[in-house]
Every structure is written in structure tokens, then in C-alpha cells.
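S.K.: Chains Z and A, in that order, are what the protein sequence lines are.
So the number in the numbering used here is just where the residue sits in the first sequence, counting from 1, plus 400.
So the number in the numbering used here is just where the residue sits in the second sequence, counting from 1, plus 400.
Note that these hints are calculated values from the structure, not bench results.
Bear in mind that the values here come from a model prediction, so they are computed numbers and not experimental data.
Ideal Cβ placement from N, Cα and C applies to all residues, glycine included.
Possibly wrong hints are sitting among the right ones.
Coverage of chain A stretches by chain Z, computed from C-beta distances (three or more under 8 Å per stretch; other residues unrestricted) [claimed, not checked]:
| hint | region |
| --- | --- |
| 1 | 443-457 |
| 2 | 493-500 |
Computed footprint of chain A on chain Z; a stretch qualifies when at least three of its residues, placed anywhere within it, have a C-beta under 8 Å from a C-beta of chain A [as the list claims (entries may be wrong)]:
| hint | region |
| --- | --- |
| 3 | 648-655 |
| 4 | 767-781 |
Protein chains: 2
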Amino acid sequence: MSDAKITQISAKDVNDWDFEADVVVAGYGIAGVSAAIEAARSGAEVLVLERSAGWGGAASMAGGFIYLGGGTPLQKALGFHDTPENMKAFMKAALGPGTDEDKIDVYCDESVDHYNWLLDAGVSFKESYWGQPGWEPPYDDGLMYSGGENAAPFCSLIPPAPRGHVPQMSTKRTGEQGGGYMLMKPLVETAEKLGVHAEYDLRVQSLVVDDAGRVVGVASRRYGKDVYAKARRGVVLAMGSFAYNEDMVRQNAPRIFGHPAASIEAHDGRAIQMGQALGAETAHMDATEVAFFCDPQLLVRGILVNARGQRYITEDTYPGRIGQATLFHQDNQAFLIIDEAAFDEGFASESATPELLLQPTWVGETTGDLEVEIGLPAGSLQSTVELYNRHAAEGSDPLLGKNPRWVKPLGTPIAAIDLRGRTGGFTLGGLRTDVDSRVLHVSGNPIPGLFAAGRCTSGVCAGGYASGTSLGDGSFFGRRAGVSAAQETNDHQVTASARRANPMPLG
Amino acid sequence: MSDAKITQISAKDVNDWDFEADVVVAGYGIAGVSAAIEAARSGAEVLVLERSAGWGGAASMAGGFIYLGGGTPLQKALGFHDTPENMKAFMKAALGPGTDEDKIDVYCDESVDHYNWLLDAGVSFKESYWGQPGWEPPYDDGLMYSGGENAAPFCSLIPPAPRGHVPQMSTKRTGEQGGGYMLMKPLVETAEKLGVHAEYDLRVQSLVVDDAGRVVGVASRRYGKDVYAKARRGVVLAMGSFAYNEDMVRQNAPRIFGHPAASIEAHDGRAIQMGQALGAETAHMDATEVAFFCDPQLLVRGILVNARGQRYITEDTYPGRIGQATLFHQDNQAFLIIDEAAFDEGFASESATPELLLQPTWVGETTGDLEVEIGLPAGSLQSTVELYNRHAAEGSDPLLGKNPRWVKPLGTPIAAIDLRGRTGGFTLGGLRTDVDSRVLHVSGNPIPGLFAAGRCTSGVCAGGYASGTSLGDGSFFGRRAGVSAAQETNDHQVTASARRANPMPLG
Numbered sequence: 401m402s403d404a405k406i407t408q409i410s411a412k413d414v415n416d417w418d419f420e421a422d423v424v425v426a427g428y429g430i431a432g433v434s435a436a437i438e439a440a441r442s443g444a445e446v447l448v449l450e451r452s453a454g455w456g457g458a459a460s461m462a463g464g465f466i467y468l469g470g471g472t473p474l475q476k477a478l479g480f481h482d483t484p485e486n487m488k489a490f491m492k493a494a495l496g497p498g499t500d501e502d503k504i505d506v507y508c509d510e511s512v513d514h515y516n517w518l519l520d521a522g523v524s525f526k527e528s529y530w531g532q533p534g535w536e537p538p539y540d541d542g543l544m545y546s547g548g549e550n551a552a553p554f555c556s557l558i559p560p561a562p563r564g565h566v567p568q569m570s571t572k573r574t575g576e577q578g579g580g581y582m583l584m585k586p587l588v589e590t591a592e593k594l595g596v597h598a599e600y601d602l603r604v605q606s607l608v609v610d611d612a613g614r615v616v617g618v619a620s621r622r623y624g625k626d627v628y629a630k631a632r633r634g635v636v637l638a639m640g641s642f643a644y645n646e647d648m649v650r651q652n653a654p655r656i657f658g659h660p661a662a663s664i665e666a667h668d669g670r671a672i673q674m675g676q677a678l679g680a681e682t683a684h685m686d687a688t689e690v691a692f693f694c695d696p697q698l699l700v701r702g703i704l705v706n707a708r709g710q711r712y713i714t715e716d717t718y719p720g721r722i723g724q725a726t727l728f729h730q731d732n733q734a735f736l737i738i739d740e741a742a743f744d745e746g747f748a749s750e751s752a753t754p755e756l757l758l759q760p761t762w763v764g765e766t767t768g769d770l771e772v773e774i775g776l777p778a779g780s781l782q783s784t785v786e787l788y789n790r791h792a793a794e795g796s797d798p799l800l801g802k803n804p805r806w807v808k809p810l811g812t813p814i815a816a817i818d819l820r821g822r823t824g825g826f827t828l829g830g831l832r833t834d835v836d837s838r839v840l841h842v843s844g845n846p847i848p849g850l851f852a853a854g855r856c857t858s859g860v861c862a863g864g865y866a867s868g869t870s871l872g873d874g875s876f877f878g879r880r881a882g883v884s885a886a887q888e889t890n891d892h893q894v895t896a897s898a899r900r901a902n903p904m905p906l907g
Numbered sequence: 401m402s403d404a405k406i407t408q409i410s411a412k413d414v415n416d417w418d419f420e421a422d423v424v425v426a427g428y429g430i431a432g433v434s435a436a437i438e439a440a441r442s443g444a445e446v447l448v449l450e451r452s453a454g455w456g457g458a459a460s461m462a463g464g465f466i467y468l469g470g471g472t473p474l475q476k477a478l479g480f481h482d483t484p485e486n487m488k489a490f491m492k493a494a495l496g497p498g499t500d501e502d503k504i505d506v507y508c509d510e511s512v513d514h515y516n517w518l519l520d521a522g523v524s525f526k527e528s529y530w531g532q533p534g535w536e537p538p539y540d541d542g543l544m545y546s547g548g549e550n551a552a553p554f555c556s557l558i559p560p561a562p563r564g565h566v567p568q569m570s571t572k573r574t575g576e577q578g579g580g581y582m583l584m585k586p587l588v589e590t591a592e593k594l595g596v597h598a599e600y601d602l603r604v605q606s607l608v609v610d611d612a613g614r615v616v617g618v619a620s621r622r623y624g625k626d627v628y629a630k631a632r633r634g635v636v637l638a639m640g641s642f643a644y645n646e647d648m649v650r651q652n653a654p655r656i657f658g659h660p661a662a663s664i665e666a667h668d669g670r671a672i673q674m675g676q677a678l679g680a681e682t683a684h685m686d687a688t689e690v691a692f693f694c695d696p697q698l699l700v701r702g703i704l705v706n707a708r709g710q711r712y713i714t715e716d717t718y719p720g721r722i723g724q725a726t727l728f729h730q731d732n733q734a735f736l737i738i739d740e741a742a743f744d745e746g747f748a749s750e751s752a753t754p755e756l757l758l759q760p761t762w763v764g765e766t767t768g769d770l771e772v773e774i775g776l777p778a779g780s781l782q783s784t785v786e787l788y789n790r791h792a793a794e795g796s797d798p799l800l801g802k803n804p805r806w807v808k809p810l811g812t813p814i815a816a817i818d819l820r821g822r823t824g825g826f827t828l829g830g831l832r833t834d835v836d837s838r839v840l841h842v843s844g845n846p847i848p849g850l851f852a853a854g855r856c857t858s859g860v861c862a863g864g865y866a867s868g869t870s871l872g873d874g875s876f877f878g879r880r881a882g883v884s885a886a887q888e889t890n891d892h893q894v895t896a897s898a899r900r901a902n903p904m905p906l907g
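Isolated chain Z, as found in the complex (with noise of 0.2 Å):
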């Protein structure tokens, strides 16, 4: 088996496996711990195998958002009113199109039960609600809208609540220990103390499969030997996206070549090819999440305008939707403008993230002096700065509905801020799975003993992106693919002794 070789290997091949056990789980991120704990608590011996030399994967290093709702207690004590049916309408809406309704449906309808088995981990969320505009919240609050919720156009369509639920920091600026990493060690504490096993610098390259098209195990490459190892129930894929692959961006996901962010290396598409080579049905292979380089504390002070000297998105917004707007529907071209009273302002702010705050690229006593700067077409930036200032001289935004807390006339001097390509982001789309977490084949029937989650799935997010859907649903549906492989049988019946076992039903 080379390294560069993605096939399936027949279980005859395999002389001798050199692990088993009942569930094998391929990656120790998000996605790959909540399996773990599940698959054991549902009375699975587990193995994880993960790649680098310790857990965490991207999640670690993520800000540690999971998007949840509905109700959930810290919402509440917080005074924000949520339900699930307003958190699946805001999903549906803001993350698609053409999102997966039955996973959003009850992705929703157990994000309560999902926040209290978070608490139950050990994870804890602090009570307080952080409500500048911005990326995360810069000290350790534990609630702040991370999707547009609050912002037009879905403000006044869908009552909006904030869903961003950051794990407590062991820091009170964000530090090493982010929320990611506030997340993860807990759940590793619970599975060890589950009795999960793992073994590391260890790549897992193929799935071995039975005569009969069941997947029984796994084949890895470690210190350049083949390792094989067994899944006698099941094998759960949770090793993230394909965002530093970059054949497989240039084929699918073209608009963010060369631009991997908010990502690590191992996420080289690796488990969607595995699943592939048997047949697997792929989803939303072009969506992607897109950070935008540039602090929201600047952004809503000012207008973003295209390379026409056009306003497209209301500059208060969720940053990551700002992003996709620009990257997809700009062609990657955008201009800050903004007054230098309002960029003081934002400069200033004690919720900004220092390396975002971006120096002006071109200042001019009038806004046409700023328009010839650029070089924006003649007429245009002036046409729209003198529309923006006429509403904005009565509080309003009728052109994009930006909250009136942040419209102001635009004065003189004025500036503006190059964003032109200042994105970046990772993959969205992989694997199709069933809300069990079942890997699906083209033909619609899933591939027997293969499970998957987190970022090598097509998730809940279609097309659109909110921060914390994917820790959200890489844990989510990582627990249920744990139950799922741990169910599995070779005869396709859930055991009597699986179902006993489960001290935490499926549900």
C-alpha cells in the first residue's frame, strides 16, 4: 500500500491486524472525541487512531464557538428567549441554500439536550453575554451572536437569539488555552476515564472491507510500516476537511485556492477520498466558510463597498457572512469606507482584535478625491456615499437595514481600507451521511460499518456558515455516529446488550 494509493483494501489481504476493537474512530478532534464517548458509554470497546502526536485537531486551536439553541439554559439565564423552531428557520435561512432539513431538524430539536451532555463532560460555559460586534468575544463571556441573527436581513424575518456558546477560558484575553481547547480537554478526560484508548502519529489511509461490502477496519501507515487495524462493529471517519488539499480545492471549492484558513494541515481530505473509493455520495463540495480580515469594530463604522463603488451587505453583520459575500458574489474585491472620527472610533475599541485592526490604504478630503485614489469608476463611490448620507441623516438604512446604532453620515476626511482579497477559509462539503451519522452510498443505502462527522460530512451548513456549526455539529453528529457504529452488527441488528448498554439513548 502506497502512500499516495486511496482504495479500498479486501479484509483477505490482511494477514494480521495489528489493533481491534469494536469501534475504531479515525481522528481525535471534535468530531472523533464525541464518537469515543459514545461508542463506550454504548458499551464499545474504542480505538482512536489520530494522526499527530496528541488529541485536539482543529478544534483546539479553534475560538471554541458551538453553535447552540433553542432554549438552552445559558440562554436563558442570560434573558435571550429561543426555540427550536426559530433556531431550524434561521439555519434553514442563513445557511443554505439546499441545506440538509432533516439534520438541521433535529440538530435543533436536541441542541438543549446537546449543551446539557456538553455540561455533563465538564465543559462550562461562563454567564455572561458579550454584545460588541466582532469575531469572538475577547475576554472568557460565554454567549455572543455569531451568524447575523440580530442583523438584516434576518433580524426583522426570524427573532433572533444568540447561538455562539464559547467553553470558559483558563484566560482572560483569549490565549493558548482557547475556547477549542476549553472544549476538547474535557472531552478527552471523558473518554479516557471511559476507557477509550488511543494511539497517535499514526495515518490512516484506507478502510478494509469484507467480501460482503462491509467496512471491518482500517488500514494506517505509521514510521513508514503499514498498520492495520480491526473494527469489529464499526468505523467512524472524523478527520476533518479538505481544506489543504489542494487538488481537491482546485476541483471543487476553486474560489478559496490557495487561501486555507481557520484549518490545520491534517485536513487533506483524506477520509472523503477514503469513503469515495467505495462509492460514497459527496455533498455541497463548493462550500466553504470564509474569514474576513478585517475587525467588525471598523466594519460597522463605515460602508463596504464592491469594485463598483457598491454597497452589498449590511457592514453589522456576522464577519463570516461579509466574507462570503465578498469572496463569492465580489470576486474577492472590497473597500472599507469610513470617516476618520468613525475609524478612531473603532480603532480605539478595547473588542478589537489588534492584528484586524487595518490601517486606511487612501484618505481624501472628499469622497471624490477617494473615489480617484482607488480608482473606482467615476461617479460611483460618490453616488453611494451621497445616498448612505442622506438616510443616514434621518437613522436609517433603507438600501441594506444596517442597525441604526450604527448609521452615521459619513463626514470628511475620509478613507478607505483595501480588503481586496483579504479572505480566507476552510471547507464545508464531504461525505453524505444520514442525521445517524451513516455514510451513504450513490445509490442511497448506507455502506455498511462505515460512520462519519465533523468537516470530512456535508453538516448542517449548505452554503452559508455561522461560527460554531461546525464544533456544533462535529460533535453532534459525532456523538450519533458513535452510537451508530457501536449498534452495528454483522447481521445489521442492534443488539439487546448495545441498546442496554447505551446509558444515554439516541434521541
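With chain Z fixed as given, assemble chain A onto it according to the hints.
M.R.: For chain A alone, kept in the frame of chain Z given last:
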């Protein structure tokens, strides 16, 4: 084998082969007939399996554009200068992001040869150029711009040349026997002369694979029975797009969901799934051609605005670019703003397509009235028209670069045509193939014995589109599929006899 099951079938399980040939071609549209011709010329016995009762596929319904250039005899005769380099530059700029550059290079380098190949097979092109805006020539003219080469932004970057070649029709106005039919008819006659045999009313369902993983035939359904066809050298998939597979569209190209157009129901994605069942890679599954249902004779004479009352694309470009810009980037929201005089002029144009000549939805004495009627944000349309008119008075359009021929201030009374949702199209993504039309496995290696071309593959279009690229790459890479399949042998060697028998060497 059930109708719904898409999986590979083991050759060991096939007791009786109903048909046998060197090369089996699935689908008798443009890619299939081109593959059949070249396979036969390469010395192979060829069998074509077609789902419907006759040859033709979507091709025979099409207007018939074939995207050719680089200096074809027709381009030269009509006084247009073109080079393979200009053609490559345009296609890479207009059909991306993420185009397959190897495919575009070979397609352009051999485009003149491909033109001659079509001529040799009996396709004829009338030596006349149609220079009016429109979807296709209303008469039997042989050449027209079909991709926006002569419009902004391309016209000032890459020397433009028209590349939409239309086979001469038998009727003056496009009738039942349009350009697509006049392309298919001589090609099928050529295939028949070469001894190609066709079987009809037979749905190809699955690939048959031997123990070594080589494709050795196909399984089909005919009148409720399983039918097996053995391919001694190779199988060519040429079964069209997945525009009519609702599930696949929802999972991959949700923006076009519910709006298939310029396609046929046989385009059910089966060939793609058959390849995927064997581990084939796919590419650009989100890409779609998008028709825009409004006559260009109206479009060029007005201004097109989005739901924010802003212009977003030059109105005189290829209407398929307008369709894509509207569906992909403006949420399918568009309004054509046109004054009475311009409307009357466009409406009276002899080159308009009657069913695309829409009546105004709203009329206003002033732009302000019209803005209210449509329900656009306050001041937005007035601001747009004011800026447009100011420059139009001088015959220029700095915002989008519309050709001065069509730039004229909008007067009153002024009308708007509601173009929201007036889009439809077909899918462009599919199996990933190399320049020899070999279907690639996710491992990057070709799947032995399997070839594909046409809209079940990802061709020269990754994101954008130009009319004629589907018949163009379908025929071009169809030919290559035929040659490759005929040369395929069980020991992966090209036989000397196959080489000698090929009267038209590849490349």
C-alpha cells in the same frame, strides 16, 4: 439488479452476455456519436446503447452552437482574426474559476482540426456572420459571438473573436431541425457508415467490473429485463448531465433546483453515479449553465438592476453570463429598467425571439414613481439612473463598460420588467476525466476500461459558460474517449493493429 441500485456488478455474476463489442458507448448524443466514430476509425467494433427510441440526446434539441476558434476557416472567411492563445486566454478567464487548463489548452490547440473533422463528417457552416445581440442566430448564419468575448470586461483584455459556430439549418427560422439536429444527423450517418451498431430503448444502469477492477461491460434494463453488454476494450459513458436528478441537484447545485432548462429528462446523473460507485472523482458539481429568459434586444437597451436597485453586469454581454450573475450572485433578483422609446425599438427587432419579448411589469412617469412601484429601497433606483444618465449623455458607461452603441440616457415614461426567477439551466459538473477522456479514480489513476465525455463529465467549464462549449467539449473529448477506448487492452498496451487502424491520429 433493481432499478434504484447503483453499484458495480462483478463479471463473475454475469452468466450470459446479451451483446458484445470492442467498445460499448452509453448514450447516443453528441459525445456518444463522436466517441463511436473515432472508436470505429481506430479499428474497434462499436456498440451504442441508447435509452430513448432514437439517436440525438440533448444535442439534437439544441440550437447547435459549437465553440470553436483559434482561426477556423469560417472565422477567417468572415474576416475575424483568432489564435489558439487568445482562445485559451478567454476560456480560462471566462469559464472559471478553477478551469481545467490542460483540457482548455488541448481543446484550443486542436480547435481548427476539430472544425475540419466536423466538416469531414458532413457538418456544414454557412459563411455568414450574425452580429445582433441575441441567444442564437434567428436565421441560418454560421457564426456569432456566444460567450461575451466582445463585451466588457473581456473585450479590452483579450482580442475578441466570435467562436459560436452553428451548423447550417434546413429552414430559415430555427425550426424543428435546428443547428443541433443538423450537427447530429451527419455525425450519426458517419457512424453508421463506419459500421457502428446501436441498440435503443435500453437504460444503462451499472458497470460490470472484473476481479482486477477493470470495467468489462455494462448492465442495462430493457422492457423490465436485465441486459448485459460486454466491452472487450472499453466502455464510454456519454449519458448527459444530472439536471433532472432532483436529489443530486439539491446536494450539489441547489441554486438551479427546480429549474432545469435546455436539457432533457434522460439527464438523470446515472453515468456520474455509476462512475462514483467505482470510486471515480467528480469535479465542479456546483457549476451550472444558466439561461436568462429575456430577449437581449431588450436587455441591451435598458439597464439591469438587482434588488438594491444597483447595476451589476453589462447588459450587452452574452446573456448566459447575465443568467449566471443573476442566479449565483444576485439571489435570482433582477429588474430591467427601460424607457418607452428603447422598449419599442427592441420589441420591433427582427432578431428577437418572440417568447422572450416580455411586456413591462410596471410603468412610471418618473424614476421615483417606478422605484416605489417596484418596491426598491428608497432612492436606490433614482441614484442608479441618475449616475447612468449622466455618463450616458456623453456616450460612456464607466461603471460597467457597455458598448457605446447601446448607451443612451433613459428617458420617460420609464418601465420595469420583472425578471426575478427568470433563470433555468443544466449542470456542468461530473466525472473528472483526463485529456484522453479516461475517468479518474480518487487515487488520481485512471479506472481501467472506463472513459467518459460530454455533460456527465466536468469539461472546459468550471464555473462560467459560453454557448457551444457543451457540444464543443462533448464532441472533442468524445472523439478522444473513442480513441482511448479502442486502444485500451487488457494488458494496458496499445496494440499495433489499433494504432494502424486509426485513420485520424489523435492530436
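S.K.: Taking a Cβ-to-Cβ distance below 8 Å as contact, does the region 767-781 of chain Z have at least three residues touching chain A?
M.R.: As far as the region 767-781 of chain Z goes, the hint holds, because 4 residues have Cβ atoms under 8 Å from chain A.
S.K.: So is the region 493-500 of chain A in contact with chain Z by the C-beta rule, three or more residues under 8 Å, or is the coverage claim wrong?
M.R.: holds (count 3)
S.K.: Given as covered by chain Z, does the region 443-457 of chain A meet the bar of three residues or more with CB within less than 8 Å?
M.R.: violated (count 0)
S.K.: So is the region 648-655 of chain Z in contact with chain A by the C-beta rule, three or more residues under 8 Å, or is the coverage claim wrong?
M.R.: As far as the region 648-655 of chain Z goes, the hint holds, because 5 residues have Cβ atoms under 8 Å from chain A.
When each numbered hint is compared with the structure, a violation occurs for hint 1 only.
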